[in-house]
Amino acid sequence: QQPVQSPQAVILREGEDAVINCSSSKALYSVHWYRQKHGEAPVFLMILLKGGEQKGHDKISASFNEKKQQSSLYLTASQLSYSGTYFCGTAEIGSNYKLTFGKGTLLTVNP
Amino acid sequence: DVKVTQSSRYLVKRTGEKVFLECVQDMDHENMFWYRQDPGLGLRLIYFSYDVKMKEKGDIPEGYSVSREKKERFSLILESASTNQTSMYLCASVGTGPQPQHFGDGTRLSIL
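In order, the protein sequence lines correspond to chains V and C. To convert, note that position 77 of the first sequence is 77 in this note's numbering; the numbers rise steadily by one, no gaps. Just so we're on the same page, this note's numbering is the position in the second sequence counted from 1, plus 111.
Hints listed in this document are in silico derivations from the structure and should not be mistaken for laboratory results. A few of these clues could be false.
Unchecked claim - If we take Cβ atoms under 8 angstroms as the criterion, some of the chain C residues that face chain V in the derived model are:
| id | residue |
| --- | --- |
| 1 | Tyr-121 |
| 2 | Leu-152 |
| 3 | Tyr-161 |
| 4 | Met-165 |
| 5 | Pro-211 |
| 6 | Gln-212 |
| 7 | Gly-215 |
Beta carbons are placed, not taken as given, at the ideal position from N, Cα and C, and that holds for glycine.
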């Protein structure tokens, strides 16, 4: 069963912030976040492991709420280069390498 | 850097043909995956392999088979292509432990 991502799409102006959520009904070992630009391969952003950690990468950070099996990706002071489709991939406990991906969130950043 | 290479970026085949999609990785990864990507549906796992000659079905294996005779190569086979298999196919690989999957550039397959 695919994790549920929300929102499905979001439009921002440069400099605005956004939050993308990923929710699973399964007990998770890890959550992976990827960004894909049109016509390109998905590019890895970060992994969050069981234990409820939070990670940051420039102005993109993420959290993992183990109790709720939810992860959120935070994009602050968005740039034009942030445009693309964001996917979360979840790995269940006991299935560390196999990911189940959400349907994606299309993020558009306008000047 | 990890390199995952898919043999074709674009492929056009006819209904009923046997189609082979090839994927090669250069990082000695144990685990390899085939996904299918359709608009609005995200990436869906077709098959994966965790070792040479080992394979497991993913979420949508019907109509597909795979082959992994060498560690670096993972092939996806459409035994008798149908129009509903027109899609973008992505290959990925990953080593042991919680690491990022590395994706190839994808093969856009059209079945006419």
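Going down the list of hints, with the structure as the test:
1. Tyr-121: 11 angstroms, violated
2. Leu-152: 6 angstroms, holds
3. Tyr-161: 7 angstroms, holds
4. Met-165: Violated, about 12 angstroms.
5. Pro-211: Status holds, d = 4 angstroms.
6. Gln-212: Result: holds, 7 angstroms to nearest chain V Cβ.
7. Gly-215: With a closest approach of 6 angstroms, the C:Gly-215 hint holds.
Of the numbered hints stated above, those contradicted by the structure are hints 1, 4, listed in ascending order.
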